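Listed below are the residues making up each chain.
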Amino acid sequence: MRVEKREDMSDTQTLEPKLTPKDFVSDQDVRWCPGCGDYSILKQVQSIMPEIGVKKEDIVFISGIGCSSRFPYYMETFGLHGIHGRAAAISSGLKTVRPELSVWMVTGDGDCLSIGGNHFIHLLRRNFDIKVLLFNNEIYGLTKGQYSPASPLGKVTKSTPMGSVDHPFNPLALALGADGTFIARSMDRDPKHLRDVLMRANKHRGTALVEIYQNCNVFNDGAFEVFTEKKTKKLETLFVEQGKPLVFGENNEKGIKLDGFKPVIVDLNANGTSANDLWIHDEKDPVKASILVRFFDSPDKPNHLPRPFGVFYTEDRFTYEDALNKQVEEASARGADLDALLRGKNTWTIN
Amino acid sequence: METLEKKGTAKETREASSVVILFAGDSGDGIQLTGSQFTNTAALLGNDISTFPNFPAEIRAPQGTLAGVSGFQLHFGSVNVYTAGDVCDVLVVMNAAALKANIKSLKEGGTIIANSDGFDPKNLELAKYAKGDNPLTNGSLEKYRVITMDVTKLTRACLEGSGMGIKEIDRSKNMFVLGFIYWMYNRDMSFTLEFLKEQFKKRPELIEANTKVLKAGYAFGDTTETPMTRYEVKKAPMEKGTYRNIMGNQATAYGLIAASQKAGLKLFYGTYPITPASDILHELSKHKNFGVKTFQAEDEIAGVTSAIGASFGGALGVTASSGPGIALKGEAIGLAVMLELPLVIINVQRGGPSTGLPTKTEQADLMQAMYGRNGECPVAIVAAQSPSDCFYSAFEACRIAVEHMIPTFLLTDGYIANGSEPWRFPKSADLKEIKPQFAKAVEGEKFLPYRRDEKLSRQWAIPGTKGLEHRIGGIEKQHETGNISYDPENHEFMVKLRQEKVDRIADYIPPQTIDNGKDKGKVLVLGWGSTYGSIKTAVREAIAEGYSVSHAHVKYLSPLPKNLGDILKSFDKVLMPEMNNGQFSKVIRDRFMIDAIGLNKIQGMPFTAEEIKKKIIELAK
Numbered sequence: 001m002r003v004e005k006r007e008d009m010s011d012t013q014t015l016e017p018k019l020t021p022k023d024f025v026s027d028q029d030v031r032w033c034p035g036c037g038d039y040s041i042l043k044q045v046q047s048i049m050p051e052i053g054v055k056k057e058d059i060v061f062i063s064g065i066g067c068s069s070r071f072p073y074y075m076e077t078f079g080l081h082g083i084h085g086r087a088a089a090i091s092s093g094l095k096t097v098r099p100e101l102s103v104w105m106v107t108g109d110g111d112c113l114s115i116g117g118n119h120f121i122h123l124l125r126r127n128f129d130i131k132v133l134l135f136n137n138e139i140y141g142l143t144k145g146q147y148s149p150a151s152p153l154g155k156v157t158k159s160t161p162m163g164s165v166d167h168p169f170n171p172l173a174l175a176l177g178a179d180g181t182f183i184a185r186s187m188d189r190d191p192k193h194l195r196d197v198l199m200r201a202n203k204h205r206g207t208a209l210v211e212i213y214q215n216c217n218v219f220n221d222g223a224f225e226v227f228t229e230k231k232t233k234k235l236e237t238l239f240v241e242q243g244k245p246l247v248f249g250e251n252n253e254k255g256i257k258l259d260g261f262k263p264v265i266v267d268l269n270a271n272g273t274s275a276n277d278l279w280i281h282d283e284k285d286p287v288k289a290s291i292l293v294r295f296f297d298s299p300d301k302p303n304h305l306p307r308p309f310g311v312f313y314t315e316d317r318f319t320y321e322d323a324l325n326k327q328v329e330e331a332s333a334r335g336a337d338l339d340a341l342l343r344g345k346n347t348w349t350i351n
Numbered sequence: 001m002e003t004l005e006k007k008g009t010a011k012e013t014r015e016a017s018s019v020v021i022l023f024a025g026d027s028g029d030g031i032q033l034t035g036s037q038f039t040n041t042a043a044l045l046g047n048d049i050s051t052f053p054n055f056p057a058e059i060r061a062p063q064g065t066l067a068g069v070s071g072f073q074l075h076f077g078s079v080n081v082y083t084a085g086d087v088c089d090v091l092v093v094m095n096a097a098a099l100k101a102n103i104k105s106l107k108e109g110g111t112i113i114a115n116s117d118g119f120d121p122k123n124l125e126l127a128k129y130a131k132g133d134n135p136l137t138n139g140s141l142e143k144y145r146v147i148t149m150d151v152t153k154l155t156r157a158c159l160e161g162s163g164m165g166i167k168e169i170d171r172s173k174n175m176f177v178l179g180f181i182y183w184m185y186n187r188d189m190s191f192t193l194e195f196l197k198e199q200f201k202k203r204p205e206l207i208e209a210n211t212k213v214l215k216a217g218y219a220f221g222d223t224t225e226t227p228m229t230r231y232e233v234k235k236a237p238m239e240k241g242t243y244r245n246i247m248g249n250q251a252t253a254y255g256l257i258a259a260s261q262k263a264g265l266k267l268f269y270g271t272y273p274i275t276p277a278s279d280i281l282h283e284l285s286k287h288k289n290f291g292v293k294t295f296q297a298e299d300e301i302a303g304v305t306s307a308i309g310a311s312f313g314g315a316l317g318v319t320a321s322s323g324p325g326i327a328l329k330g331e332a333i334g335l336a337v338m339l340e341l342p343l344v345i346i347n348v349q350r351g352g353p354s355t356g357l358p359t360k361t362e363q364a365d366l367m368q369a370m371y372g373r374n375g376e377c378p379v380a381i382v383a384a385q386s387p388s389d390c391f392y393s394a395f396e397a398c399r400i401a402v403e404h405m406i407p408t409f410l411l412t413d414g415y416i417a418n419g420s421e422p423w424r425f426p427k428s429a430d431l432k433e434i435k436p437q438f439a440k441a442v443e444g445e446k447f448l449p450y451r452r453d454e455k456l457s458r459q460w461a462i463p464g465t466k467g468l469e470h471r472i473g474g475i476e477k478q479h480e481t482g483n484i485s486y487d488p489e490n491h492e493f494m495v496k497l498r499q500e501k502v503d504r505i506a507d508y509i510p511p512q513t514i515d516n517g518k519d520k521g522k523v524l525v526l527g528w529g530s531t532y533g534s535i536k537t538a539v540r541e542a543i544a545e546g547y548s549v550s551h552a553h554v555k556y557l558s559p560l561p562k563n564l565g566d567i568l569k570s571f572d573k574v575l576m577p578e579m580n581n582g583q584f585s586k587v588i589r590d591r592f593m594i595d596a597i598g599l600n601k602i603q604g605m606p607f608t609a610e611e612i613k614k615k616i617i618e619l620a621k
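From first to last, the protein sequence lines stand for chains A and B. Each residue of the first sequence is one higher than the last, beginning at 1 in the numbering used here. Each residue of the second sequence is one higher than the last, beginning at 1 in the numbering used here.
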């Protein structure tokens, strides 16, 4: 812990210790498999904690069950490791009674989209001010390798020896359909991007969903490698930024243009193509967001669109806890007399 | 049989010590409203009362059918009453189906008040009477006094020229019947007149119409020339004090609010609507001025887990449901047992299994509360015995949950949840303080989240408290540190510790008392929950007839009071009436190795006092 003296403080005032990422490392041994993508995410989360402007004791990490859900044990904050799928509901209850806390929910694609799918969509529509880190590795890791609701069709796993016949979820389309107010995607292998997206999520007031592509090197190694590896990354990914045109490719030579509501890939080097015709990213535009989340084709498909990363959509909408607390405040103005409550309106007396 | 066309007999007034009236009709006839209006009026006039609403699961079952019959039974008296009554003195029926469904509840010589319009060919057919057969005219009701009146015709005549449509006019029919019953029992109508003013504040024409019909019903009694007896039911000899009428679910809600106030905690109520528990949510949501936060969750599991989240944050987390919902909450209750956080789980029991009998009562979820989770997962359990006792039991459940840092069940059931009785409500100053133990950081000392006090309860370490950052979860934990531990000896130690923690609550609850009768003798009737009134009535009568019988009613089901074993040993026989197939009796046999004799009724209906008395006499002879 470093102690910094603030310029504007007189010598008699207590010095506020400036926390470092190390202050957020708990005394528990991290038990993920060596090489797991979770390590990188943990590191980025620990690294932003001193920057988010919240006191350590006011930060809470809540999880369900699965590899990702071990996360709270490794954070030197308050933490609750819940039961499978229910982190969203546990977080909602906590946030209702303690709106001032910074609540972070850590979940995986099984925990969040399968057993916890119901709580997930209701969390989004209610818009509690909770940060949701969805570690998506498209596999069940802790139960040793069954397909998840995010696994692609045809996936061969322990429970699908002939290939999965389950049509997978598109997690961000689902979140947008549930009226989520902050929808973003990042990846374990791009720490800088992950860090930026996490900081953005932290600033959002409302449910902030960050889907993080995370490699399970034991049961689903390389699931996202076309997006994360140098060789293919530039061609297969599209990093969106507010107010900037959608461009990608080795030298940003490709762009996305909207032909009506249909996104098409254009070659910026070709004659007659101008950067001015490109789709300009506007994260406040729900229609554009609904098209963007549909950039979800398998990279094996010919002429597929690149996979977007970054903040897709944001919206300012009241949070559940604010609305409820406003009602409680309004009602409290009329006073609370327990004896009057017990007595009620109609009584009689026996002498 | 008398009809209203008969002429020329005077009316007499007799005194009655207690009367049981059963109002019955279509679920759309306003039966529950009529019943509750008469109840409140009787209560305000000083009668002791006990009620039993009995309605179908369907909101609007097909009109006129047996499936659609809704009932409201009211027992009121100048003597103390403890049940809604075994049999009825008066049966008010709005149609043929209501008569058919309830005639077996009417005692011989009882009175039937029938709306003759509900006995037309169509209604008779719907009630499955043979073609051309009408019970009002075929002589089958000779054992009873039958008063018929064409309520529909009389109501329509009363509101003729009011400008209201026929459909709307017909909705006031229940007021005519209510007015007539008020006349029959010499009741002042001011409570209902005030109620109408409040209810239809925004529609003055409906205040006027309903008032007119109510008064017409009363006047009908005065002016009709039918020979009829009026009854006077005087005030009951109640303990001195100020009373109000209270329903069970309402009392439960008040108990939770009172406990949160006495503990200085915010109340969080996470729940999913289910019959017959939803009225607790409705009631609590009206009282946000007490800082109450109600959360209508997306499902039962979110109801309980949101409450756990709230508890983790330092609020009093409560969830409620009925059996099917409690089944869904099981895993989360196990989590709360591991987290050792205060959590109150309310089960307003109904007939099971599965969807079972949603609107009928049963006590068949005791085993579920005690054992219905994976692993060795002990919790505390409190059961309410009457509508007003729901208040004290809810308060106790909160006290145990908070002071012992343990999930605590409150068991009530459909009978007492919807039933009502007079309540000599307490003063808030007379309620116990509840003392939560919040953890504080100690300089230079590592915080141990699972360090325990003499009750074996840990401290409540809530987010926002500097220096107490820690992690808890559902995985087995090491003693004191709370760190994950798979150590075999530690697991066994922790399992025994969690049981011991429940057992030690016995040091902090009152000893078991004998409710009625001597402290030793031939027969002890041992009950729990809503059978209280029926057992009390049966035992009082049996004692009066000279039998050696006593009654003990157990409120604390887990842990049991420490002196219960001694009480059981003081009687030759122990009779255990339960509205299940024998659940508490299994527990008693297991703990005390005695031959508990079961008396089991599993009909979705409460025991009659007579059923219990018969068995007492058989055993006490």
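Calculated from the structure, these hints are not laboratory results. Predicted model, so just to flag it, every value in this text is computed and none were measured. The beta-carbon is built from N, C-alpha and C at its ideal position, and this holds for glycine as well. Hints may be right or wrong, so weigh each one.
Unchecked claim - Which stretches of chain A does chain B cover? Using the computed rule of at least three CB atoms under 8 Å from a CB of chain B, they are: (1) 72-83; (2) 229-243; (3) 335-343.
Now for the hints, and whether the structure bears them out:
Check result for the region 72-83 of chain A against chain B: holds, 11 residues qualifying (beta carbon to beta carbon below 8 Å, three or more required). Residue count for the region 229-243 of chain A with a Cβ under 8 Å from a Cβ of chain B: 0. That is fewer than the three needed, and the coverage hint is violated. Remark: the region 335-343 of chain A is confirmed as covered by chain B, as 7 of its residues place a Cβ nearer than 8 Å to a Cβ of that chain, reaching the required three.
Hint violations for this structure: number 2 only, all remaining hints satisfied.
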